[in-house]
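A.B. asks: Here's the letter readout for the chains.
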Amino acid sequence: MVEMTSEERVLRVLQHQETDRVPHFEWLVDRRVREALCPDITDYNEFAVQMGQDAVIVDPIFKKERVSANRWLSEWGYVTQDTAEEHGIEVESPIKTIADFERYTPPDPHAPGRFAAVEDAVQKYAGYKAVIVHLNDVFSLPRYLMSMQELLMAIVTQPELVKALVEMSVTVNLELAKEVAARGAKIVYTGDDFAYNKGPLMSPRHFREFFYPGLCRVMRGYKELGLYTIKHTDGNLWPILDMIIDSGIDCLDPIDPVAGMDLGEVKAKYGHRIALKGNVDCAQLMTFGTPHEVVEATKEALRTGMPGGGFILSSSNSIHSAVKPENYLAMVQTVREFGRYS
Amino acid sequence: MNEKLSVLYNAILDGDVSGAKDGVQAALVADLEPGNILAEGMIDAMKEVGRRFEEGEYYVPEMLVAASAMQAALSLLKPCLVESDVKSAGRVAIGTVKGDLHDIGKNLVALMLEGAGFEIKDLGVDVSPEKFVEAIRGGDVDIVALSALLTTTMPNMKTTIDAIQQAGLRGKVKIIIGGAPVTRQYASEIGADAFASDASSAVSAACQLVV
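So the protein sequences, as listed, match chains A and P.
To convert, note that position 26 of the first sequence is 26 in our numbering; the numbers rise steadily by one, no gaps.
To convert, note that position 148 of the second sequence is 1148 in our numbering; the numbers rise steadily by one, no gaps.
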């Protein structure tokens, strides 16, 4: 088969068509791994290109202002604290009650400059690399605005507040998506985590009542704008997986093996409906294992994921700071060598 | 079960904060022994919460609201427990290890341990090895419970255990660890006494450690 561009390759996977080889990309490669492998490259997307990733990932820009040495107030009104990783963690949230919610105004999705990074990426990479824009669906924003613990409790104690927050998340993200589509990006990914290692963060009954309707609306809305969707969520998803697939996503990521998600099983059950992205274990194997073990795990993921197409190879979450650079490299080289369709 | 205690028990299972407070008041007014109110009305209720969680009937939200009802009831009962000299099941210093700001797993474990009759000293998140050592030195600690959500912060569990060892305090406490990246094998490699994969199993492990 003729060599495809990265963009074609990723789009065809999302359309369930044949490709020349398995595409691969990561949501994040930590600065320390990047510096170890390409010390001269400072631009993140240039690193992705250098490593042969098939996509560049961009975010809408939301302002943040420093409130103390290591804390930042985001435009959304929550405060994050820096960690050793490249992303902070939310430590103060603005909404506790429905009265707080009624006083709350989310950032303007259409504010000037919001999509400067998207515009740059489309201009620089469209037609060459897949440009994927990071948005949200129904869980992360409510979680940031209330804190995880308060949000989970509110499912039981303040159901109307949770429903209102989900509704707001859907509305704001669809407005953001209009701007994304207007700028020529074709793919969005949402990174809202619904589960942890042992299972969903809430019962399937609560997921169906509180989050599933919004998930359907936001995924349908993305599709109506002509965008393809990759849904990322950590954890063991089995009890709610039918709902996630039924919401209309094009691709599921990352099928976390540590959380009991088996790529072959997900492929057998849903591979005819959606594409899959994953799932070389970055929690244990890429952190503590050897390059040889990573090569074997990557080959195994390719053997399982490749048949019939619809497969993107990646780590089981991200290349975080503790992943050994040589292990990331081993995965990349293996997909290049063994990820070709004959 | 005494009717008043069963009202308290059910209020906790339902996560009904005011019902649980009323339940404790009613039980005290009826002159029930504080130790019995704790054991049958509250600890048994939280055991049932743990069972339902393990069976997949309860998820994290139900567990959190039950635990908050239990806490509200316990705060009313505490003075009476002290007065009647009811002993706790053990004293636990708990925290998320240095570099890690995630708290929900640690909070759940603390709540469930409290619901099992343990006394909790919550050291918070991003807790340095020195702070754990200090807490043990301060006395009144039987168990140290370490939490980490990230693969990158998990090594600080070892650092913490090493610091406790170097301070000559290892023999004074039992150590239990848990969190998303933690495995039983890792727990044994770094010399922890027990591993818990979730809040409910942390309670069983802690109970065994203090036997």
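Careful: at least some of the hints might be erroneous.
Said to hold, decoys possible - Capping the alpha-carbon separation at 30 Å, the derived lysine-lysine pairs in DSS-like fashion look like this:
hint, chain 1, residue 1, chain 2, residue 2
1, A, LYS163, P, LYS1021
2, P, LYS1172, P, LYS1087
3, A, LYS198, P, LYS1047
Source of the hints: derived by calculation from the structure; they are not laboratory data.
Predicted model only: the values in this text are computed from it and were never measured.
A.B. asks: Compare the structure with each hint and give your call.
C.D. replies: Cross-check of the supplied hints:
no.	hint	verdict
1	LYS163(A) with LYS1021(P)	holds (28 Å)
2	LYS1172(P) with LYS1087(P)	holds (19 Å)
3	LYS198(A) with LYS1047(P)	holds (19 Å)
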